[in-house]
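Visitor: The lines below spell out each chain.
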Amino acid sequence: MTEDEFTDINGKAISLQCQSHSNFCREFTVSAPKLSLRRIMVYTCSVWLVAYVVFFFTQNTAVLSSAIFITLVGMMLHIHFVKIDHETLLIVGSLGVQVSSSYASGRESTTFIEMSKIKDIVINEAIYMQRVIYSLCILLKDPSDPGAVSTVVPLFQSSKPRLNCLVKVYRSCQEILAQC
Amino acid sequence: MGQRKRAAIRDSLANQIMDGITLGHQDSPKHNICMVSDFFYPNMGGVESHIYQLSQCLIERGHKVIIVTHAYGNRKGIRYLTNALKVYYLPLQVMYNQSTATTCFHSLPLLRCVFVRERITVVHAHSSFSAMAHDSLFHAKTMGLNTVFTDHSLFGFADVSSVLTNKLLTVSLCDTSHIICVSYTSKENTVLRAALDPEIVSVIPNAVDPTDFTPDPSQRDDSKITIVVISRLVYRKGIDLLGGIIPELCLKYPQLHFLIGGEGPKRIVLEEVREKYQLHDRVRLLGALEHKDVRNVLIQGHIFLNTSLTEAFCMAIVEGASCGLQVVSTRVGGIPEVLPKELITLCEPTVSSLCEGLEMVIARQRAGTVPPPATIHSRVRTLYTWRNVAERTEKVYDRVAKETVQPLHRRLHRLQAHCGPVAGCIFAFIAVLDFLFLLLLQWLVPDSVIDLAVDASGPHALWKRSGNRKHSV
Amino acid sequence: MGADSGPGAPSAVPWRKVLYERQPFPDNYVDRRFLEELRRNVRVRHYRYWGVVREAGLVAQQLSCVAAFLTLWWYMDQSQLSPSTLLMAGLLFALLGYGLYEALGASRGGGRTRLADLQSAAIFLAFTFGFSPVLKTLTESVSTDTVYAMSAMMLLAHLVSFPYAQPSPPGSLSLNAALFASVCLASRLPGALHTFAMLTCALLVFALWPCLLHRLRDRAPWGFPWAAALVSLGSVAGLASLSPGGALLLAVALLTLTLLCPLLLVRLQRHKDNIHGPWDEAEIHEDLSHFLQ
Amino acid sequence: MVLKIFFPRCCNSADSGLLVGRWLPGQESAVVLAVIHYPFIPGQVKRYLSELQAQSQVELSVLGSWSMPKEGQEGMESFLKDLSTIFPQDRWLQLSRGAGRRGFACQLVERGGGSAQDGGDGGGDSDGVIFVHYDQRKVMLSQLHPPEGGGGANGTAEPSELRLVFQTVARSQPLFATDQYDDGPLKVTHWQSEGREASIIVELTKQASVPLCALLTWLLSLWTRLCRISLFNMWPVRFVTSKLSTCVQLSYRTDHLRTVSSPKKASDHMEFMRKANIFVSFFVDVALGLLLISWLYRANRISRLADILVPAADHVAKELQELLQWLMGAPAGLKMNRALDQVLGRFFLYHIHLWISYIHLMSPFIERILWYVGLSACLGLTFALSVLSDIVALLTFHIYCFYVYGARLYCLKIYGLSSLWRLFRGKKWNVLRQRVDSCSYDLDQLFIGTLLFTILLFLLPTTALYYLVFTLLRLVAVLFQGVIHLSVDFINSFPLFAMGLRLCRPYRLAEGVKFRVLSEEPGKPLHLMMEINPLKYSSVLQWYRTPTYSCYPKDSWVALCKKLFVGELIYPWKRKGTKTD
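Residue numbers (the working numbering), protein chains in the order written: chain B, 1 to 180; chain H, 1 to 473; chain C, 1 to 293; chain Z, 1 to 581.
These are computed hints drawn from the structure, not numbers from a lab.
Given the structure is predicted, the values throughout are model-derived calculations rather than measurements.
C-beta atoms are modelled at their ideal positions from N, C-alpha and C, and glycine is treated no differently.
Mixed in with the good hints, there may be bad ones.
[Claimed, not checked] Here are the simulated BS3-like pairs of lysine-lysine, each with C-alpha atoms no more than 25 Å apart in a straight line: (1) Lys119/B with Lys76/H; (2) Lys413/Z with Lys136/C; (3) Lys117/B with Lys514/Z; (4) Lys341/H with Lys136/C; (5) Lys117/B with Lys536/Z.
[Stated by the list, open to error] Between beta-carbon pairs, the in silico distance windows are: (6) Glu21/C with Gln219/H: 28 to 34 Å; (7) Leu440/H with Val476/Z: 50 to 56 Å; (8) Gly130/C with Thr165/H: 54 to 60 Å; (9) His413/H with Arg48/C: 47 to 53 Å; (10) Tyr358/Z with Met95/H: 56 to 62 Å; (11) His315/Z with Lys83/B: 53 to 59 Å.
[What the hints assert, rightly or not] Sample of chain B residues lacking proximity to chain H, with all beta carbon distances greater than 10 Å (derived): (12) Asn10; (13) Gln17; (14) Ser31.
Pulled out of the complex, with its shape left as it was, chain B reads as follows (with noise of 0.2 Å):
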């Protein structure tokens, strides 16, 4: 098991967790910065400083209990559905892939694609917010016809990790993908 220090496409330090379960099982671990306690308290300060603005001017403390209530709600909404904490690539030749991303709630959200239904694993350039940027894809098969690529599942959608990165999965996968 192996760890690598590199950086998502903004810059921000992200790191690798490379784990070869044997030599046609292996798990690529791609863990964003946790949650920083900074951010959160200064956003819910301004909230809560808006709201004691607003309650200063109105005299209503309904105001005040719904910034709580927002806040509150805002930040479990935000670390059970936007928020990743990391996201796992488990590739077992012959078997599939299965695709992981955790949130920082602890919620799981996993797919599985067999490999019968994979053409190739690629890196792929693609327009991304103003950005042109590498991501790593799945290609999959159109059943109807296998020479062809129906759709394109990208990989470590929210941690995006740089080319280089993403270079050092890809080999890993390669190896595993040529085995079979």
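Got chain B; can you put chains H, C and Z on it based on the hints?
Guide: Chains H, C and Z in isolation, oriented as in the chain B frame:
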């Protein structure tokens, strides 16, 4: 990630980062060229094929070429064409006639990203109708890149709209390093329009691929005489003249046939003429033609007729002549420069003059005094080749690469001095804003964070090298 | 062939403006003959002052027509002119005009018979007469200012869009605008018969008079300036009976239009600077429409 | 090639014996279903297997041997090795679990076709084996999505490996019927179902449901025949029934009941789920309806309702009258044509007058009608709601009429104005070329056209105002009906059963699987745990929503606004198809 598209960077993807040995000849410097235009495949036309063919020949000569255009319908993202020609279809809003809307700023983030990641040294914009081309020139100058512009069209000076566009062109070209025009007439026009120093304007004609347009006399029916017209059916192509020629000649020569390829708003004129004079069997309207079908239509005719009212170069007559047809054309724009006198009959843009010219050619055709198609083809074949165009364009790049791009204060000064007090000040202000926007972007996303792209063509090309390797094995 | 222009050895071969030949000059070579085909002011027409004045007379007389119509309406609105008088006068003028029209038109083109003319006249009269009560109540609830503003706009539109080059048949937009304005104005009049008379008058002034004038200009060119002058004088005189100031203004406007504007046009021709060259879009001078008709 | 062995968790600590299962065709993988313990008689094993195979249509076979060393059974290994000669197979697995160790050891003995030569590579190849542990019960009961035959494109391709595993386990249900504690000739370890008693009750209900279904079917056929009588097929009746939402709901429910009560057994999972969903939602619907009845018929609520209803309708008519009076004046200071305004206003006032007298004629019977209509709630809440919607539609019929008059008048004006505006500019619409051409009109055409244009233009505000007011009224009524329709549709189509299943037994509806790495010892085979990935709630809704006549507005908002502007009649809550047939 809406715009993801497959770009099969495969196999030895990472190798190129490790070993960057250059293969190929080292005699001249190699450039990283970015062609920018709103017009590219799948749109069809002269500019589109010019960009494509020129890029192919430049790749052949060892340069790295990428093309940037806007997204066409579902075709967005990054694609590769033949010989690893990389095309960026950027998601910019199309406003009118396949030209993007421009705000001078909104395209900067994407274009900067492309320029940085592809390590572009020369930005080559095409067509004065393309807003994206002008945008990219503007941004490239802000980023300190060398710029080249190719003008494909002619403009008048008479009406209000041309006065405005000419002003914009003046602003856009006033600090562009070099300009390329497709004919001498076009050069005179561009120099006048943009108030340029004629020294920085080169004339490099368009070309046709002669192998695509070979004659085949067996395809044509010699019992009748067929006149072929291939153009978009719009006013500028003189379709109204054609509508006058058809009844005149058809009444005179019963064995005369017309074959008209193309589509456009003026189609209705031709249909009305055909209905009125009952010429359904002699005038065939083929509708829009694909580029590959053009030759099949051309070789069915004896005479190629071009009725354009204005034309910078006119590839169509070269294609017609290359297929061995007798060419009759109006004497407008750069057309007299294109073909030698023995291959073309030039007429004034009036119905009577064109009919006269056509009758003369028909008489010669009947008498059998015209040279055989193969002779004409062999004469035309060597006139315009893309290799030659690429060679001459390369020299322009070499010259441009030696020049230094003007720093911001000089640029502002030049804008104010050259473009008039009002427009100059406005655009100097916009240039400053653009520069500030660039600084902001550089602070938000530093150049070091942008991944350098894997070269698909050029000296460090990944694909070419893997190809070479295969050969050596 | 290179892009560098350099001094270059003076070549024996003269430069030619052709692309099909490889010439021993760099691509950015600038010859002495560069821009020699540039022409200035190729198609400038030299106007004669009195010719322009003559043409401008048409504009002036149209303006006077509008003024005359408005004068008539004013008299009707003030009930100083009875509708029957106006109708009678209208009938008289119509018959006179028709007679003149027929006399001038030697050949009857287009196949319009007298019966068709009669039919048209019947339709005009019947519809106008039938609708005049409706028209009368039409703008009741609309304020007078709105009606005036709308009429002014429409009359202006009529003047702007009037096909001065070829006034017969009168252009759709100009005629419609004038009729719209006259309907608006007529609906303000005190009675249904007033409305009817006013509309008939509008028809005469805006629809039939331009036809007659056009024929007059075609067939009897000498008579046209006199007719125009007559109309202008008549309208000025009519307006003078209402308000002398307005008449003065109208007279000044007419004089400016007929005398001053042509003078300016002829004078300012000298400052024209138009660039022409081989790059210009060729213009089709022939009339190609005859192939389709 | 990597060998995959799907191994049930319950057999982890079974005694030594034979592995029974199936080699998946075309895949390098085996599914172990059960372990037959020593001692056994080979002939009996073979017979047992062939019986099971006939029952379950799965090619069961002996895959190999399983050894779980215990004290006193030292010689077992060599014995198990020899078993391969008794059960001739192409490949023979030898799994063994070391005492106190978690991992398994695996040996694959391959035999060439026909020859008895042992493949020698069995021993060292343990690296190329993956053990995938699975929970036999969950895999057996779960349904992989998309279900087979559901997607047309997927149905043609051969099933994937996972699907085969799921199929194999699900089909070999008869194997799991044998009880561990039965005194049979063979001792087998596999998943055991518990709670026989509950299953007896289920069985009894099944038995009872058969005559019930038959009765229901008979009743339904009677009802259908009644509906088919030619009297009901005449045009006016059909037209009315297609407009009344109660009748639509009735036919819809009949369809549902027919589906549920059909005596055929559900052929596949989707159909079963559909039936269950319909049944549950019908049940809930009726329960809610009964609840409503019990509330409604207590404390004389019906008569109070009737007392409210008539004055309400009266009040609405009064309000409308006042509105019309207001419109006939100078509403909001707008400049209307007085004559036209009076004509229109009087026309509508007369209509309202008619309406009021009709209501008053009806008022003595209202309570009766309501009483009987209320009974319909025992058929379900949806019926009550549909009846309510119909009543609202009937009570607002005058508004509908006004709307139609206004819209027609306005539409006519707009069309006239648009074509006259073209004439005004000297253009005309070319029908053949579908575009506006320029055209030179005759003098008389121009004159009359302009006259009409002026008249229409000045009358437009009056008509437009009437149209606007009545359209707004109409939209309010439509909105109310739309809300009722939406709720009825929601009750009809919501897959209650599937949702409940997803909530209580998440593994029953599987979207796929997920794997977890169990142990990793170098040199030992890889162990993975296969878990069921339950279907998302949104996908449950998408898969199992009962298809209904959907009554959402089909037009986009822009199209709706455009229609409103040009004065076309809108029926936003009705399906488009109903009007045509």
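Visitor: Which hint numbers doesn't this structure obey?
Guide: Numbers 4, 12 - these are the hints that the structure violates, sorted from lowest upward.
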